[in-house]
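Quick note, the sequences are listed as chains G and H, same order.
Residues 188 to 532 in our numbering are what the first sequence lists, from first letter to last.
Residues 2 to 337 in our numbering are what the second sequence lists, from first letter to last.
Be careful, since some hints might not be right.
Every beta carbon over 10 Å from chain G, so not counted as near; a handful from chain H, in silico [claimed, not checked]:
id, residue
1, ALA22
2, LEU23
3, SER35
4, LYS36
5, LEU47
6, VAL151
7, GLY184
8, THR189
9, VAL214
10, SER230
11, LEU232
12, LEU306
13, VAL311
14, PHE319
Examples of chain H residues lying across from chain G (beta carbon under 7 Å, computed) [what the hints assert, rightly or not]:
id, residue
15, ASP54
16, ALA113
17, ALA241
18, LEU242
19, GLU310
20, PRO312
Hints were generated in silico from the structure; no laboratory data involved.
Built from N, CA and C at the ideal position, the CB exists for glycine as well.
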Amino acid sequence: MNLKPSHRAVAASLTLVLAAVLSACTSSEASTENPNYTTEPSDTFPVTVEHQFGETTVEAEPQRVVVVGLTEQDILLELGVTPVATTEWYGEQPYAVWPWAVDLLGDAEPEVLSTTDGFEYEKIASLRPDLIVGTNAGLEQETYDKLSEIAPTVASVEGSEPFFSSWQEQTRVVAAAVGRSAEGEDLIDGVETAYAEAAAAHPEFAGLTATFSQGAAWEGNLWVYPEGLNTDFLTDLGFTITPGLEEHAPEEGVQAQISAENTGLLEADVVVFATEEPDAIDGLLDFGTLSTLPAVEENRAIYTDGELAGAIYFLTPLSQKHVLEELLPRLESAVAGEAPRSTER
Amino acid sequence: MSRTQQQQRRRAAGLALVVSALALAALLSVMVGSKQLLPAQILQALVAPTGSDVDRIVLELRLPRTLAAVVVGAALGVSGALIQAFTRNPLGDPGILGVNAGASLGVACGIALFGTGVPAQHLGFAFVGALVATVVVLFIGAAGRSADPVRLTLAGVAVAAVLSGITTAITLLDPGTFNQMRGWAAGTFVERDLDVVLPAVPVVGAGLVIALVCARSLNTLGLGDDLASALGTHVGLTRALAVTAITLLAGAATAVAGPIGFVGLMVPHVARWLVGPDQRWILPYSAVLAPVVLLVSDVVGRVVLWPGEVPVGIVTAFVGAPVLIWLVRRRTASTL
């Protein structure tokens with residue numbers, strides 16, 4: 188649609204009225220009849236959620252949840268809430284739902300939004316949402332305000348990074364907004380317990396060093412994760428992140444940029460490369476001196492497949508359980524010096 | 002001693018000076034990198050390597066990279082000088098005959114259709130793309146006639162526009178190719194091991210020889226076609242040779258490093274400024290000066306945004322733009 192701004196505003200407000208009327212109709216019906224839910228809320232509506240742009244009150248159990256962030260569909264689906272729209276991050280998975288969440292999606296066919304040219308406000312409005320979830324959407328005051336005009340919008344908590352702020356906090360915000368805060372806590376506990384149990388079952392991991400690196404060099408640099416930046420999946424299992432990497436991060440909170448000459452810095456007891464396809468391994472090992480890195484030569488390096496890499500990057504309660512399932516056997520082989528030079532385990 | 006003899010001696014001495022600058026720049030390129038190495042470590046890697054990490058960094062990363070910069074630099078400098086002489090256009094750039102656009106399309110096709118991923122695999126596709134583009138440009142611009150520079154330039158610009166349109170279409174349709182191309186299109190010497198550089202050496206060598214052979218004829222060609230013919234120059238042959246050399250040189254340079262801007266444009270100007278309008282001097286000066294510019298730019302790129310490295314193509318663009326402005330604003334631009 189190529190509307191002038193004034194027309195667009197009229198169209199948007201008309202859509203809003205329509206949405207309000209429709210949601211008023213649907214919310215009077217029993218939620219068990221709503222195909223978007225597989226569970227019952229545990230909180231009583233209206234609920235109020237606090238986040239970095241203030242408070243958002245959700246009057247009744249939302250029936251049409253639109254995800255404008257990159258990963259929140261995982262949280263919603265695990266809480267039994269099927270969003271009417273998701274947002275593509277990368278990977279072009281059907282409905283932007285990755286394999287680990289496909290069973291929970293069932294037959295639902297959410298719309299997939301794109302953020303290539305910013306948020307698709309018109310498309311979002313046309314979906315008649317009654318809740319917009321954007322805890323991992325890099326929202327700013329301006330974009331938050333625009334989305335709030337369409338429907339109540341929740342963002343990440345105060346002081347968080349634009350993207351991939353604490354997954355626990357994101358889970359709490361999303362769970363509270365759909366009236367399932369107790370279930371949200373259960374998800375968090377579930378992940379933390381699973382990691383604690385895995386660590387207890389593998390005392391041999393404790394005190395070993397580990398490096399987590401992207402699976403391909405980018406414009407002459409390999410991006411590697413210093414301690415604290417999406418490395419919990421290793422440290423929670425007892426590993427220590429290889430020290431010194433943080434000195435190669437241009438600023439705090441971003442990946443270290445390891446140039447070809449510095450690839451020796453990756454050396455650790457275990458190195459996890461987030462490769463995304465089998466063919467990528469050769470190209471990766473061609474970079475710098477990686478092919479003679481002791482961890483690579485001594486079969487202590489893990490090469491993930493695209494799905495495991497995605498699960499590590501997604502960093503949701505659901506994806507982390509998938510990480511644990513897929514990575515643990517690989518870590519066991521790597522620690523034993525028997526990791527295959529393959530994305531298979 | 003006559004005035005010309007004096008001039009010749011000055012130019013020869015100048016060339017020796019530029020060659021020593023090249024040696025110095027090459028030394029710098031081996032000494033300085035994103036990992037700090039002591040001179041003693043580097044020396045040991047060069048004379049008595051043991052296969053350690055440091056040895057591999059010096060022998061397998063810095064030396065091939067330095068060689069790549071020298072080969073690519075010489076190719077870009079000379080092809081730039083040739084194209085400016087050939088088209089009598091002081092703003093001529095090796096890309097003007099569609100060579101870069103052809104190489105880019107070749108690489109995009111390689112990635113999209115054959116799944117190539119590393120520089121060594123891109124090499125052939127880039128070179129074939131460059132060759133095909135030049136043949137198409139020659140066919141359109143010189144069909145049935147001798148290669149008139151204006152027609153060739155127009156054909157080159159038109160073909161380049163079409164080819165980059167196709168490349169853009171491919172990369173827009175396939176995000177994977179887009180990502181791969183972004184890395185290649187920046188122009189860099191990273192991951193240009195000997196298996197990438199060595200195949201380009203004979204191609205560049207042949208291009209340089211052809212260029213030097215037609216240097217003298219290019220001088221007379223600058224006087225206009227009629228006068229050149231009257232002086233005994235075979236106009237058609239000279240142009241054919243020049244286009245061949247340009248394609249070999251620019252094609253090989255782009256195939257190895259990706260498109261690197263401004264060097265082919267800027268260096269011949271500096272050379273002309275130093276030695277005047279004689280192609281027999283402009284070409285060798287360009288062949289030596291351009292690698293100096295590339296080596297220094299590459300070293301700057303390794304350290305300026307440490308810990309990350311900046312692709313050399315971005316550094317030359319940063320250096321080249323101000324130099325270009327300065328060239329334009331000079332009272333007497335270096336004429337052809």
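Each hint, compared with the structure:
1. Non-interface status of ALA22/H relative to chain G is upheld: no Cβ of that chain comes within 10 Å, the nearest being about 25 Å off.
2. Non-interface status of LEU23/H relative to chain G is upheld: no Cβ of that chain comes within 10 Å, the nearest being about 23 Å off.
3. Taking the minimum C-beta to C-beta distance to chain G, about 4 Å, the non-interface status of SER35/H is violated against the 10 Å cut.
4. Chain G draws LYS36/H into its interface by the beta-carbon criterion, the shortest separation being 4 Å against a cut-off of 10 Å.
5. Distance to chain G confirms LEU47/H as a non-interface residue, since its nearest Cβ pair spans about 16 Å, more than 10 Å.
6. Remark: the non-interface label on VAL151/H is consistent with the geometry, its nearest Cβ contact in chain G lying 38 Å away (cut-off 10 Å).
7. Non-interface call for GLY184/H relative to chain G: violated, since the shortest CB-CB distance, roughly 5 Å, does not exceed 10 Å.
8. With a cut of 10 Å on Cβ distances, THR189/H falls inside the contact zone with chain G, its closest approach being about 6 Å.
9. Non-interface status of VAL214/H relative to chain G is upheld: no Cβ of that chain comes within 10 Å, the nearest being about 37 Å off.
10. At the 10 Å boundary, the C-beta of SER230/H stays outside the reach of chain G, the nearest C-beta of that chain being 50 Å off.
11. Against chain G, the non-interface label of LEU232/H holds: every CB pair exceeds 10 Å, the least being about 49 Å.
12. The non-interface label for LEU306/H is inconsistent with chain G: the shortest C-beta to C-beta separation is roughly 7 Å, within 10 Å.
13. Non-interface call for VAL311/H relative to chain G: violated, since the shortest CB-CB distance, roughly 8 Å, does not exceed 10 Å.
14. Here PHE319/H stays apart from chain G, with its beta-carbon at least about 15 Å from theirs, past the 10 Å limit.
15. Interface hint at ASP54/H: satisfied, since its Cβ lies 5 Å from the closest Cβ of chain G, which is below the 7 Å cut-off.
16. Hint status for ALA113/H: violated, given a least beta-carbon distance of 15 Å to chain G, over 7 Å.
17. Residue-level restraint check for ALA241/H is violated (minimum Cβ-Cβ distance to chain G is 38 Å; threshold 7 Å).
18. With its C-beta approaching chain G no nearer than about 37 Å, LEU242/H sits outside the 7 Å limit, and its interface hint is violated.
19. For GLU310/H, the interface hint holds, since its Cβ comes within 7 Å of a Cβ in chain G; the closest pair sits about 4 Å apart.
20. Taken as an interface hint, PRO312/H checks out: its beta carbon lies about 6 Å from the nearest beta carbon of chain G, inside 7 Å.
Violated hints for the displayed structure, listed by number in ascending order: 3, 4, 7, 8, 12, 13, 16, 17 and 18.
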